[in-house]
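Protein chains: 2
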Amino acid sequence: MNTSADAARCTPLVLGVLISGSGTNLQAIIDRIAEGQLPAKIAVVISNVASAKGLDRARRAEIPTVVLDHKAFPSRAAFDEKMVETLRAHDVECVVLAGFMRIVTKVLLDAFPYRVINIHPSLLPAFPGVNAQAQAVAYGVRISGCTAHFVDAGTDTGPVIAQRSVDVFERDDEESLRKRILREEHVLLPAVLGWIARGWLEVDTSGGGRPRVRLNPSNP
Amino acid sequence: MNTSADAARCTPLVLGVLISGSGTNLQAIIDRIAEGQLPAKIAVVISNVASAKGLDRARRAEIPTVVLDHKAFPSRAAFDEKMVETLRAHDVECVVLAGFMRIVTKVLLDAFPYRVINIHPSLLPAFPGVNAQAQAVAYGVRISGCTAHFVDAGTDTGPVIAQRSVDVFERDDEESLRKRILREEHVLLPAVLGWIARGWLEVDTSGGGRPRVRLNPSNP
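Protein chains in written order, with numbering that gives the first Met the number 0: chain A, 0 to 219; chain B, 0 to 219.
The hints are simulated quantities; they were obtained by calculation from the structure and are not laboratory data. Small disclaimer: the values here were computed from a predicted structure and weren't measured. Certain hints may be false.
[Unchecked claim] Partner residues are not named here, just some residues of chain A that face chain B (Cβ under 8 Å, in silico):
#, residue
1, Ala125
2, Val136
3, Tyr138
4, Gln162
5, Arg209
6, Val212
Each residue gets a CB set at the ideal place from its N, CA and C atoms; glycine is no exception.
With the sequences and hints as input, model every part of the structure.
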């Protein structure tokens, strides 16, 4: 037995979850934690929208919530500085963008290097940006899905952690595809956070090029 | 019983296959036809490379072969005019790009509207152009695949007919991914040609936007 391994297993990963809307991915994380499947703890949920329904989900789970209205800040960087301050005040180790509809800046990324995770409703690099499901339907693809990735300075360009695919049918519209992909997001995001919580995810930046993400379940 | 339906079923689709290399997709078509699974006939195989190994596959199957060295033509259009002449001389109804490493022009596309099919080793619109498998490995995706699509004037931009996905593993390099995707190409391409041969594939250009491809197995 290895005491550091035991320590790694016993200390839950402290998450900060950023939302703008209904927060179904937040709910998936809450549920997996409650079931004991995800060794993590949500320390704070931050929304940039005061009416976001995800805030109710957090309150029901007795998770502290903070509303930061981006319009009240003079710049994206100033908004992100306040977010970093809030996340640090809650001892957050890993930041999860769960339907957070703001572009984040270097201020947040530098404060949490390779610890800002996004879930995107397409098989990146296909269909980055907004309305990914509508883009997929308009293009006429027959396979789409979702991507969990580390956030970098680009729009949905960061290193891929994991992906799940779904079939796209001729009868699909944006909404039916959105629902099908969302079911996969709810599986993928908690799974990826579990890998991080267990110390299984390695990011290799030694290559000089794009960082390589490796899943190593033999880690403590 | 419907006589036109019977006629549609009994007359094999006449294919012209364009290659530049080893022709494993050509072989998959030859094999499915030989097994009676694909109601088609390859009338001619055209290669722009005299040493292409796919030419031997065609000769073994007693399929007429034609070598057209693109370097012997003053322009892409002139090369394509000769291809169209050759395809028409063999009564070709449907043109299959099976590892054909030349950009085709409006000359070919206008001669065979929605009857020029390409198979591409990625889930388009991700990784168009050359070295799609290397692009996928470099990006670090976890899911890739192949796409059968109608060729249009862009590079791998035409309407998607069907796609098949494969997992991408951390240990993968371009070659291992190439092999895994190729197995799916060998399933997908003959299947799609079978849909066309049976009259099951409809292209709806009425929307004004991107043409919609529909699979309608209830057609005769």
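| field | Restraint satisfaction for A:Val136 [CB to CB of chain B, less than 8 Å] | value | violated (10 Å)
| said: Does A:Ala125 hold up as a contact with chain B if the rule is Cβ-Cβ below 8 Å? | reply: Hint on A:Ala125: holds, closest Cβ of chain B at ~4 Å, below 8 Å.
| Interface restraint verdict for A:Arg209 against chain B (beta-carbon cut-off 8 Å) | Holds: closest Cβ of chain B sits about 6 Å from A:Arg209, inside 8 Å.
| said: Does the closest beta carbon of chain B sit nearer than 8 Å to the beta carbon of A:Val212? | reply: Holds: closest Cβ of chain B sits about 6 Å from A:Val212, inside 8 Å.
| field | Proposed interface contact between A:Tyr138 and chain B, which counts if any beta carbon pair is under 8 Å | value | Holds. Min distance 6 Å.
| said: Min Cβ distance, A:Gln162 to chain B: is it shorter than 8 Å? | reply: holds (4 Å)
Checked against the numbered hints given earlier, this structure breaks only hint 2.
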